[in-house]
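Enquirer: Okay, here's what each chain looks like letter by letter:
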Amino acid sequence: MSEDVQKTDNAKGKYVLKTDRATMQFGGLKAVDGLDLAIEQGEIFGLIGPNGAGKTTVFNILTGVYEPTEGDIFVDDKLINGLKPYQISRLGVSRTFQNIRLFPSMSVLENVVTACHRHANQNMFDAIFRLPKYFRDEEEHKEFALELLEIFGLKKYAETGGTSLPYGKQRRLEIVRALATKPRILLLDEPAAGMNPSEQEDLTDLIREIRDKFDLTILLVEHNMRVVMGVCERIRVVDYGKSIAMGTPDQIKNDPKVIEAYLGD
Amino acid sequence: MNNTWIKSLIGGVIMFGLLYVVSLMMSKAGLFGFGIDDYSSRLLHFIIINIILATSLNLINGYTGQFSIGHAGFMAIGAYASAYFTVTYGTAIETAISGETGGLLSTSIVLLIAVAIGALAAAIAGLIVGIPSLRLKGDYLAIATLGFAEIIRIVILNIDAVGGATGYQVPGYANFLWIGFFAVATVVIIHNIVRSDMGRALISIREDELAAEAMGVNTTRYKVISFVISSAFAGVAGVLFAHYNKFLSTNDFQFIKSFEVIIMIVIGGMGSMTGAILGAIIVTLLPELLRQLPDITVPGLGVVKFADLRLVIFALILILTMIFRPQGLFGNREFGLSWIMRPRTAPEGTEAVGGVEGVPIAEDIKAKHLASEEDEKK
Numbered sequence: 001m002s003e004d005v006q007k008t009d010n011a012k013g014k015y016v017l018k019t020d021r022a023t024m025q026f027g028g029l030k031a032v033d034g035l036d037l038a039i040e041q042g043e044i045f046g047l048i049g050p051n052g053a054g055k056t057t058v059f060n061i062l063t064g065v066y067e068p069t070e071g072d073i074f075v076d077d078k079l080i081n082g083l084k085p086y087q088i089s090r091l092g093v094s095r096t097f098q099n100i101r102l103f104p105s106m107s108v109l110e111n112v113v114t115a116c117h118r119h120a121n122q123n124m125f126d127a128i129f130r131l132p133k134y135f136r137d138e139e140e141h142k143e144f145a146l147e148l149l150e151i152f153g154l155k156k157y158a159e160t161g162g163t164s165l166p167y168g169k170q171r172r173l174e175i176v177r178a179l180a181t182k183p184r185i186l187l188l189d190e191p192a193a194g195m196n197p198s199e200q201e202d203l204t205d206l207i208r209e210i211r212d213k214f215d216l217t218i219l220l221v222e223h224n225m226r227v228v229m230g231v232c233e234r235i236r237v238v239d240y241g242k243s244i245a246m247g248t249p250d251q252i253k254n255d256p257k258v259i260e261a262y263l264g265d
Numbered sequence: 001m002n003n004t005w006i007k008s009l010i011g012g013v014i015m016f017g018l019l020y021v022v023s024l025m026m027s028k029a030g031l032f033g034f035g036i037d038d039y040s041s042r043l044l045h046f047i048i049i050n051i052i053l054a055t056s057l058n059l060i061n062g063y064t065g066q067f068s069i070g071h072a073g074f075m076a077i078g079a080y081a082s083a084y085f086t087v088t089y090g091t092a093i094e095t096a097i098s099g100e101t102g103g104l105l106s107t108s109i110v111l112l113i114a115v116a117i118g119a120l121a122a123a124i125a126g127l128i129v130g131i132p133s134l135r136l137k138g139d140y141l142a143i144a145t146l147g148f149a150e151i152i153r154i155v156i157l158n159i160d161a162v163g164g165a166t167g168y169q170v171p172g173y174a175n176f177l178w179i180g181f182f183a184v185a186t187v188v189i190i191h192n193i194v195r196s197d198m199g200r201a202l203i204s205i206r207e208d209e210l211a212a213e214a215m216g217v218n219t220t221r222y223k224v225i226s227f228v229i230s231s232a233f234a235g236v237a238g239v240l241f242a243h244y245n246k247f248l249s250t251n252d253f254q255f256i257k258s259f260e261v262i263i264m265i266v267i268g269g270m271g272s273m274t275g276a277i278l279g280a281i282i283v284t285l286l287p288e289l290l291r292q293l294p295d296i297t298v299p300g301l302g303v304v305k306f307a308d309l310r311l312v313i314f315a316l317i318l319i320l321t322m323i324f325r326p327q328g329l330f331g332n333r334e335f336g337l338s339w340i341m342r343p344r345t346a347p348e349g350t351e352a353v354g355g356v357e358g359v360p361i362a363e364d365i366k367a368k369h370l371a372s373e374e375d376e377k378k
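In order, the protein sequences belong to chains G and L. Note that the numbering used here numbers the first sequence so that position 227 is 227, with each residue one more than the last. Note that the numbering used here numbers the second sequence so that position 249 is 249, with each residue one more than the last.
Any given hint could be a false lead.
Lysine-lysine pairs mimicking PhoX-like chemistry, simulated, CA-CA at most 25 Å apart [as the list claims (entries may be wrong)]:
1. G:Lys84 to G:Lys133
2. G:Lys142 to G:Lys155
3. G:Lys253 to G:Lys213
4. G:Lys84 to L:Lys7
5. L:Lys137 to G:Lys133
6. G:Lys213 to G:Lys156
7. G:Lys30 to G:Lys84
8. G:Lys142 to L:Lys7
Everything labelled a hint here was simulated from the structure, so no lab data went into it.
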């Protein structure tokens, strides 16, 4: 298969997220062209590239928003081509959005509790007749959500409207919401977009922290070099939908192809 | 947990006490000399049936955010399916139960079966209409549901077994207590659905479908479920309407009826339970109240009979409401104890921008701004 695989064949762990020659074609444009990714259990993997390189499209085929026109995608060893986003979410893959997509009319707490849907243990009849199971389940979700908010320093805003938080905190809340689905793999789409340098630094620490605390594998699609270089263990660079480089932050920094893609000839 | 049960029990007893008192007042004898005349009584019945329609439509339109305007169609299905049942088997079942017709027990049993049939028929119709239509969004969904509702009406119009264009005589099994019971049940059931995991899933679809899906919500399935539940309750309203009105005509289920229900929830506030109830009351009551407008002599025009202009005035009131409160009277909030006792102070910290509705942060900022201006002057 690909260079990722060859390079890490001897390494620990197994691949939790893998693409095999994934291609996404929109009419005549190949937004993603034969991309191979292999992300190991527990690593923080960066996917970077200049504007319009196809990063977000990769993200969308991984999360089921698009079905790849060619190639395969695996979560663990399960083929997920053509699965709906909610089905992929149930496999333990959770995501955030580039342009924040919180539920506007909900409070911070409600935003998080809504994401507990995946492991809800109540059905419609428990809810309609307010059976003990309903109360137990609601209590559990609320506690779990508050715990998460506490970890991210958002507990005091629990009753505030989600979208009335300042920008950086909204990004945090989106991560909390993604974590509330109890994922194994977390996909972050440009989490540093629109953040100032100090917020970016907080973010890098945060990403590392949540990986350790929740035992996650993280795929980061990012534009911001400071964040990517600071936090990612391996980086894949794409341009025009094709992979152009792969390696550790240091290798990437000095790769002539990457420099060319970003700065031109 | 027990607390909630006791509360709902007390609430239920009070509710039915109230309904019982009102139903006694509606009887010929009245209650201690207080009676409700036939006209008001009829209006009250329609208000309560409309509450069922409005709260059920609110589930799909207000909470799930799928704009359906075919509610009258499902109401018609419920009405005609149950009416066909009661006309055909009603007396037979009654005599089988108590040996005579008109007894309280036997009529109630027939009505309950009729409601079950009407709800089921409307739910099935909802499922059949919902699965293809709910793939559509926004205006397209609205047009599709409107189309289906008209199809349903035209089909019924052409079934001779239920009277066709001449109308359909239906026995009057529904009394005020039962209508009230079903209204309360509808409100409670929909309230409980909305405040549960399923309700949050529905609201998340309204708020951001893509995000909802990413959080593991099977959006298609939940849209269809809420559409089916909504249709089933429209069916219940249809059953009650049929067996109270004692006469059905497809004219009662034209698209104007669907729009009436839409107006109720838009006026009250989409996504607000209390809003839908208030909307149902206003839209049913207001045109009737406007009948009592006086004749006024306007110079140059002579005597203007404002009562004749009641629908124009009603429309004007609706337009003005939409201009000044486009989100409806209650927005998507609820009117109740918790609203009255809502916090009126800003949350801790100075970071919350915009703030929550009803929190006077803006004034705070204004005060600071004024203070700094004064400093500059000095």
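Enquirer: Confirm or reject each hint.
Expert: Going through the hints against the structure:
| no. | hint | in the structure |
| --- | --- | --- |
| 1 | G:Lys84 to G:Lys133 | violated, 29 Å |
| 2 | G:Lys142 to G:Lys155 | holds, 12 Å |
| 3 | G:Lys253 to G:Lys213 | violated, 29 Å |
| 4 | G:Lys84 to L:Lys7 | violated, 42 Å |
| 5 | L:Lys137 to G:Lys133 | violated, 35 Å |
| 6 | G:Lys213 to G:Lys156 | holds, 21 Å |
| 7 | G:Lys30 to G:Lys84 | holds, 22 Å |
| 8 | G:Lys142 to L:Lys7 | holds, 22 Å |
Of the hints listed earlier, those the structure fails to meet are numbers 1, 3, 4 and 5, in rising order.
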